[in-house]
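J.: Residue numbers (this note's numbering), protein chains in the order written: chain A, 12 to 739; chain B, 55 to 415.
Fair warning: there could be bad hints in the mix.
Unchecked claim - Reference listing, derived: stretches of chain B covered by chain A, where coverage requires no fewer than 3 residues with Cβ under 8 angstroms from a Cβ of chain A:
1. 163-175
2. 233-240
3. 359-367
4. 375-381
What the hints assert, rightly or not - Which residues of chain A face chain B? A few of them, derived with a C-beta cut under 10 angstroms, are:
5. Arg23
6. Ser50
7. His152
8. Leu190
9. Pro193
As the list claims (entries may be wrong) - Straight-line alpha carbon distances no greater than 25 angstroms define the calculated SDA-like cross-link-like pairs of lysine to any residue that follow:
10. B:Lys230 - A:Gln596
11. A:Lys18 - B:Asn117
12. A:Lys18 - B:Val191
13. A:Lys153 - B:Lys232
14. B:Lys91 - A:Ile30
15. A:Lys153 - B:Val191
16. A:Lys18 - A:Ile30
17. B:Lys232 - A:Ile30
18. B:Lys230 - A:Lys400
19. B:Lys230 - A:Ser20
20. A:Lys400 - A:Asn494
21. A:Lys368 - A:Ala524
22. B:Lys232 - A:Leu22
23. A:Lys18 - B:Lys91
24. B:Lys230 - A:Ala524
25. B:Lys91 - A:Ala154
To be clear, the hints were calculated from the coordinates, so they are not data collected in a lab.
Glycine residues also receive a C-beta, built at the ideal position from the N, C-alpha and C atoms.
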Amino acid sequence: MLGRDEKVSQLRLTAVQYILLGIFLVLAFGLWRLQVARSDYYNNLAEQNRIKQVPILAPRGKILDREGRIIVDNYPSFSVLLLRDQKRDLMADADKIAVGLHMPPDELRLRLKRMAAVPGYQPLFLKDDITPDELAFIESHKAELPELDTITVHRRLYPKNGFMAHVIGYVGQVSEDMLTQPQWELYNPGDIVGMSGVEQYYNDILMGKNGSRQVLVNSRGKEVGTLSDVQAVPGKPLKLTIDLDLQIAAEEALEGKPGAIIAMDPRTGEILALVSRPAFDPNQFAVRISRDEWNQLVTDPNKPLLDKAIQAQLAPGSTFKILMSVAGLQEGIAQKLIVNCGGGGTFYGRFFKCDQKHGRVDISKGIYASCDTYYYTLGEKLGIARIAKYATEFGFGQKTGVDLPQEVSGVMPSEEWKIKNFKQKWYAGETISVAIGQGAVAVTPIQLARAIGAIASDGVMVRPHVAFPEELPPGFKNAARYNDKSHVQIDQDNWVIITDAMADVTRIGTAAAAHIDGIDFAGKTGTAQTISAEARSKMGASGKSKFNDNSWFVGMTPRRNPEIVVAVLTQGGGWGWRSGLLAAQVIKAYVAKQRLRQTQLAKANGTVPGGAKQAEVAAVWHEGDAKNPDKTQAGHFAVSTDSTIKPVSTAPGVEAADKPTPAGDMEATGSHGGTAQPEADAATPAEPKSSDSQPNGQPVQQAPARKKTPGSSPPVAPPAVALPGRRP
Amino acid sequence: MSRYVSFRDFDWVLLALILLICTLGVVEIYSATLSTKFAGAHLRQVYWILGGVTLMFIVSVLNYQALIERVPLMYLLSIASLLAVEVFGKKYLGARRWVQLGSFHFQPSEWVKLVLILAMAKYFADSKSECTAQDIVKAGALVGVPMLMVLVQPDLGTALTYLPIAIMGLFLGGMKAKHALIILAIGALLAPVAWHVLKPYQRDRLTSFIEPEADSQGHGYQVIQSLVAVGSGGIFGKGTAHGSQTQGQFLPVPHTDFIFAAFAEEHGFIGAMGLLLLYFIVLMRLIQNAQTAPDRAGAFVVMGVVAVLAFHLLVNVGMVVGLMPVTGIPLPLMSYGGSSVLFMFLALGIVMNIRMRRFVN
């Protein structure tokens, strides 16, 4: 055919080759431009495209009571996160988001603006505890609003109605503003941290460590892989020394009254119950507290956020007389001091009133009848310096070091204190007021419980605490100090005089109304004026009720080396015995529990078939040795009996004659180990059962059987004597 | 000289290069579809390639001159098949490009390309070396008719691939510079008309090519994601199955049209340049085969294949690196798809056929 053998122009073929080379070079340039020259830029864009950083929130540790019962738990809920590293115009989306999540758009914009300075990888927590329809909104707008994400949050579930609110405290979100303050600088915005109570004090234990997941997401926001997965470390549980049973009793006792109750084991400093009223509901804080609710809490005149057990500084009133008695007796003054009370006395040219004409008053009557005249006289003889010395030794005017935040120190005045704070000389007349716990002296309920508990424990001062030091992680600050004990010298005779007189308070004294049958319940009332009597008398009825006396009571059982000391403050509660009634409720709950436990233990031991043939007696016995020949010891004994014994509740000391009859074998069931333990004469073999039958119970020390007769001591649990006149 | 045709004269080097590119394609298809509903596509691609290679061997032993003699019939069949698409075709993604034969979807526009290569070869082999205006109009009509038919499917991309066949034919056919300039001038005048003929999405593609950021979630999205994929690959790449743009499905259709972007992301500048170089070597090898072709028709056929392959490469890679607007043109030998693979191997079969007959006559 024509031209078929004619070759194609070689020149043109070569031209094609050069054109192809040109194309090749152009494409190579395109690749170089993207992959070499601007690689970092595109790499950055690719990072934003694909990696989504999702925090994994660590649940906070549970809070348990001393028996492992759950007080604070968590519940799962959803929170909305705004991912800020998605290269989206968040301000433009703000309206849509605000509508879907039911938020004010202006507030959302404001928060976005404030977050502008924070690095983009930190997500913003938009809203907590969202509703199902808000969750649906986010799910259905995944493609449109890829910056929204949800996260499961373990939220705090607190007891209802402010139960234990002040011990527990509450948690809150570290806000953007807080980050500038040094104590929060280690946290990230949005972190949930304790803001009060043990939630704050033990935040490091409870908080755990958040993890994070870097996930590969595709263009539709769907996760297609995981790049890294740092698991969250859950917070550790925190076991408190609080006994829920006692806490309930204390909460019920104080229901509806402003004030505080604190129950402590003065042998160890373990706080068994702590109540402050009015309370707040920490659940309000568990999500996000509204401005109104917050303002209401802050402006409430009864200060519901204040933990009155450790933060109320008030005049102790007559409860201070116990401290005065220690000072007076240790200084050798009170033993010989007899005062004739005619309803008051004149000191430094001014008449100081007593509320009664007590007649002839010695130290014992001074305590149980709470005679002011006696203590005016004693105060005058001691002088403020010596009073302040003893008061300081027993911890007044100083923080107790309790493991709760924002404890206050109270005030123990002295001459130096007055010069330092007021640039004024101390007036001798002020000493007279201080002697009855008025004037400048101010204490917290926890100080009072600790000091009077220490006096009843022969001067052993403990540090109050709500967490078990041995269960805290090693190196936890201050943990070792919880076991610190200091000893203030109290002579044997003085100790007996004071403790016996305190027992008389609930027998024949100011709090006889609070007497509990069958329980060695000792204590001291206090009725503290909140303003001077003159000022109050000038007021009308409403003014008077506003400045009603504060009612105090510090009680314990047994009277010496007590197992429990309870301080009660009822603000505006009037006479001290009213608080005594509340303390009695807590003491009763404590004793009932101990007895139930012993009965159960005895049953579990099988030593008492049928479980009824055992009676508890309290006793005080002589425990002298070469060093301290007059030492006495006190405690409870579970006494095995034959069938004729009286029931437990009335057995000990109903009639004084009954008590000293030593049964064949008595077992000491309480560890009253402030001083010395009874020595083994002949061991009884009964071993306490393992703790599975007695969860968390302190194993009852199976003391050796003893044939010792309790020493010459007053009746342990005096019979009920109703006094005709109830006095403070 | 004997008329003996031997596989000893088969271009094994070219086949090895082709199969190397195909293998890279299969691996990239595997990687790109790993976590998608298309998972397993690489195996189907292997079957297509095996089928293609078989077809290639069959075609290589036929006499290409006999094929060229049958071009008028094939051309008519092509027009008929394109008409069949218009009438019986399956509508898929808004365009009617496919006919179903049994369980296969067949895209006739691919093999029309092959027929056009042969048709151009026949036309210019028959004509004198002097290329008149008449030749240009005739050749233009030869390509223009099926091109318009594909254009209304609508498949702008495939229609455009017919253009280089005509251009290559005219260029090698001895088109004068004067004529070329006239055609360019006419094209420039017709451009505004063409703009109105384009479908809205096609216009969007062009505008988003010029300014991708203007519509980053819409049509610019594909361009941006492709640029991000290629750019973030850097010099060494992210490794097979580790390209975040590819694996995260940010990259659109990473196993077909954007397979080069996926490859560039996972294998970096070095890998992408290596791949480009392979294509370049293949093209040069093909031109060498054209130079040694036994006759003018053979040279035209081979250069037609060169034109199609080079055009695909330019438009596809150019699109991926942001130098060309988005068109639905696959990367030959790599992109997933039976029609494209079969076309390439058929075309190669004819190239082999021509090479094996280089000493004939």
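J.: The structure should be examined with respect to each hint, and the outcome stated for every one.
T.: Each hint, compared with the structure:
1. For the stretch 163-175 of chain B, the assignment as covered by chain A is violated, since 0 residues bring a beta-carbon within under 8 angstroms of that chain's beta-carbons and 3 are needed.
2. A stretch counts as covered by a chain when three or more of its residues have a beta carbon under 8 angstroms from one of that chain; for the stretch 233-240 of chain B and chain A the count is 0, and the coverage is violated.
3. For the stretch 359-367 of chain B, the proposed coverage by chain A is satisfied: 3 residues have a C-beta within less than 8 angstroms of a C-beta in that chain, meeting the threshold of three.
4. Residue count for the stretch 375-381 of chain B with a Cβ under 8 angstroms from a Cβ of chain A: 3. That meets the three needed, and the coverage hint holds.
5. The restraint placing Arg23 (chain A) at the interface with chain B holds, with a minimum CB-CB distance near 5 angstroms, inside the 10 angstroms limit.
6. About 4 angstroms separates the beta-carbon of Ser50 (chain A) from the nearest beta-carbon of chain B, less than 10 angstroms, and the hint is met.
7. A least Cβ separation of about 14 angstroms between His152 (chain A) and chain B goes past the 10 angstroms threshold, and the interface hint is therefore violated.
8. Evaluation of the Leu190 (chain A) hint against chain B yields a violated restraint, the C-beta minimum of about 32 angstroms exceeding 10 angstroms.
9. Interface restraint check: Pro193 (chain A) against chain B, minimum CB-CB distance 40 angstroms, threshold 10 angstroms, status violated.
10. Of the supplied pair hints, the one linking Lys230 (chain B) and Gln596 (chain A) is violated, its CA atoms being roughly 116 angstroms apart against a limit of 25 angstroms.
11. Under the criterion of a C-alpha separation no larger than 25 angstroms, the hint pairing Lys18 (chain A) with Asn117 (chain B) is consistent with the structure, at around 19 angstroms.
12. For the hint pairing Lys18 (chain A) with Val191 (chain B), the CA-to-CA distance comes to about 23 angstroms; that is within 25 angstroms, so the pair holds.
13. Simply put, Lys153 (chain A) and Lys232 (chain B) have alpha-carbon atoms about 59 angstroms apart, too far for the 25 angstroms limit, and the pair is violated.
14. Proposed proximity of Lys91 (chain B) and Ile30 (chain A) is contradicted: the alpha carbons are some 40 angstroms apart, above 25 angstroms.
15. Simply put, Lys153 (chain A) and Val191 (chain B) have alpha-carbon atoms about 56 angstroms apart, too far for the 25 angstroms limit, and the pair is violated.
16. Under the criterion of a C-alpha separation no larger than 25 angstroms, the hint pairing Lys18 (chain A) with Ile30 (chain A) is consistent with the structure, at around 21 angstroms.
17. As the CA atoms of Lys232 (chain B) and Ile30 (chain A) are separated by approximately 19 angstroms, the hinted pair is consistent with the 25 angstroms bound.
18. With a CA separation close to 120 angstroms, the supplied pair Lys230 (chain B) and Lys400 (chain A) exceeds the 25 angstroms bound.
19. Pair hint Lys230 (chain B) plus Ser20 (chain A) holds up; C-alpha atoms about 13 angstroms apart against a cutoff of 25 angstroms.
20. Distance hint between Lys400 (chain A) and Asn494 (chain A) is fulfilled; the C-alpha atoms sit about 24 angstroms from each other, no more than 25 angstroms.
21. Among the hinted pairs, Lys368 (chain A) with Ala524 (chain A) is consistent with the structure: their alpha-carbon atoms are about 20 angstroms apart, no more than 25 angstroms.
22. Using a Cα cut-off of 25 angstroms, the hinted pair Lys232 (chain B) and Leu22 (chain A) holds, with the two alpha carbons roughly 18 angstroms apart.
23. The hinted pair formed by Lys18 (chain A) and Lys91 (chain B) fails the criterion: a straight-line CA distance of about 51 angstroms is larger than 25 angstroms.
24. Restraint check for Lys230 (chain B) and Ala524 (chain A): not satisfied, since their Cα atoms lie roughly 127 angstroms apart, outside the 25 angstroms limit.
25. Between Lys91 (chain B) and Ala154 (chain A) the alpha-carbon distance is near 19 angstroms, which keeps this suggested pair within the 25 angstroms criterion.
Comparing the model with each earlier hint shows violations of hints 1, 2, 7, 8, 9, 10, 13, 14, 15, 18, 23 and 24; every other hint is respected.
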